[in-house]
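K.L.:
Following the hints, position chains B and C against chain A.
Residue numbers (this note's numbering), protein chains in the order written: chain A, 1 to 118; chain B, 1 to 388; chain C, 1 to 162.
Please keep in mind that the hints were generated in silico from the structure rather than gathered at the bench.
Just so we're clear, the structure is a prediction, and the values are computed from it rather than from any experiment.
Derived DSSO-like pairs (lysine-lysine); straight-line CA-CA distance at most 27 Å:
1. K57(A) <-> K327(B)
2. K90(B) <-> K58(B)
3. K377(B) <-> K112(A)
4. K86(B) <-> K100(B)
5. K58(B) <-> K86(B)
6. K112(A) <-> K327(B)
7. K345(B) <-> K86(A)
Label-pair distances were calculated between CB atoms; the ranges are:
8. I138(C) <-> P282(B): 48 to 58 Å
9. V26(B) <-> A7(C): 20 to 30 Å
10. G283(B) <-> A6(A): 32 to 42 Å
Computed, partial: chain B to chain A, Cβ under 7 Å:
11. C115
12. F167
13. A171
14. L189
15. G192
Glycine included, each C-beta is placed from N, C-alpha and C at the ideal position.
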Amino acid sequence: MLPQYAFIAVFAIIAFALPIIGLIISWLIRPKKPNPAKNATYECGMETIGDTWVQFKAQYYLYALVFVVFDVEAIFIFPWAVAYNKLGLYALIEMILFVAVLVGGLLYAWRKGALDWH
Amino acid sequence: MINYLSDFFVNLARSWTAWISGFLPVWAVTVVNYVIVAVILVMMPVIATLTLTWMERKVIGRIQNRIGPNRVGPWGIFQAIADAVKMLVKEDIVPDNADKPVFNIAPILIAAAACLLWAVLPFGRNMIGADLNIGALYVIAIGSFTTVAVLMAGWSSNNKFALIGAFRVVAQLLSYEIPMVLSVAAVVLLVGTMRMGQIVELQTVPFVFLLPTTFLIYMLSAIAETGRAPFDLLEADSEIVAGYFVEYSGLKFGWFYIAEYGNLMAVAAIATTLFLGGWRGPGVAAVPALGPFYFAVKILVIVFVLMWIRGTLPRFRIDQMLGFAWKVLVPAALANLLWVAIVLKLPVPTALQWLLILAGNLITLVVALTLLGRAAKQYAARRGLVSA
Amino acid sequence: MQQVAFAVLSLITLGAAIMVVTTPSLLRSALWLILAFFGIAGIFVLLNADFLAITQILVYIGAISTLMIFAVMLSSKVMDPHQPRFNEQWGLVGGFSALLFVALAAIVSRVVWPVAQGEVPVDTIQRLGADFVGPYVIPFEIASVLLVVAMIGAIIIARERE
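Isolated chain A (complex conformation) (with noise of 0.2 Å):
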């Protein structure tokens, strides 16, 4: 297993590189004329007006708390999924309890609106 892992460590070196020979290709050869006008922000074509800070609604931290949740959830799955035909029936009753769990704190997510978009 560890050559597959080698092979994987190899290919992430080249993944990697070949992005950054691109750039480095890309400096060679692109004109560098820096300007005020150019290198303000864009804001619909006008200067910019107040800080580069927008509210953050607590909204986005919500979703990405139920999905911390449910990808710990699908993890726990997988190992299940695999060896789930070598068991015998009380693995599914095991499963069907967890996820059952699961499906009411969606519920209650859903009920309190921890899943709509304001």
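P.N.:
For chains B and C alone, kept in the frame of chain A given last:
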């Protein structure tokens, strides 16, 4: 000779390895082979961009009753190369207060993620970069680390539009990742392994015939993950002016673009592997070299369907999109998963189990559509759009 | 060969961890933390725990890092990279930390660590799955309850702002 040709790619690899073993030590042979395979696979997103951009512009052009590009080369096939040259020589404008290291690394990360996906996809029998024990999860994990790169891009541009765009993209990516993971889990449950090579080997019947709803859930999640229409709220010019990569120009933007098309083809390839039988097709048992061709054909069919969808459907609003993911797709995917689990434990013969799985899938689809229809009617009645 | 890989991964992890605590900008700290997580995933791979490595990437980097970056952006301090990085008690705290380090180093170097015998089985994931519903079923079910409790708690807290 015929035998050599019938398993051409594998035999070519073996002959090459035998030849260089003649004058290199064992570790060097392995490294050279790895580098060659890595370079071939890394070229996949680039090839994808060159071919798929042309294909997309032609297909969408025809859907919109016009011819696509046709000036640069016969039927415009060199259009993509012209675009690539343009991006290479464009000036790279970095905004004043941008966080420069993070700004520069973001496109590299996104492009690298699009390349890394190809390591576990089986092009044919024994033609896979690395048949990892956790292949199916590897694919999803690489996709999930794109969210970080998007946040980096949005944040470092020091631009309100980029930041809001990045937040929305990440919310969309996160929301659609769960149905994707759950539908992949349903396939893993059916075969009992996460190795992509083995999933293809075990598909005597392509799984799309057993699990059509799961396939549908996967495709919808995948379209949302790659950010294409009708889920492309975040790139649409009229909505948020190119979203989180508004400040990028030149080749850095080019890498975002390549990553998008590379992801598109990778997602089609994953769907082919999991649901359509990968490289299987008539005659592959005798002539394994046909595998990559079947694989390519199936990928192109899926990509064509995705482009068709892009040209036809209007885009979703963000609250509709996110609500759809959490309230429809996640429960449907979970119901699917549990149904497959229940059926697999029934003491009936395999063929009957498969029919039951298919029936369960169709029932889930019908139930989901009915509930959606009813919810849509209630919504329309509430807003006075339809005379209730 | 494994030694070299382990050395490289440890350097990456430790270097990233040092940068996490010394970088002035909160967002860059989060990004260095992500690099540290990658290093840890690599070390899991060296231990033949490929499922744990991919879980690290999928959950820590995919989900928890995003949550952390969102939390960083939710706090208003992120815009100010010029906060004081040392407070007045740094001498005392530094002394205690060094003492703790010496104590831990002494323990780690003196304990006779038990080495696992035999080969790592090939089907680790199947065994993990079988163990989830076999001997470890109670922690498995409690994990789901814990996850739901965490979700409910966080929803209650996060919604207080509205």
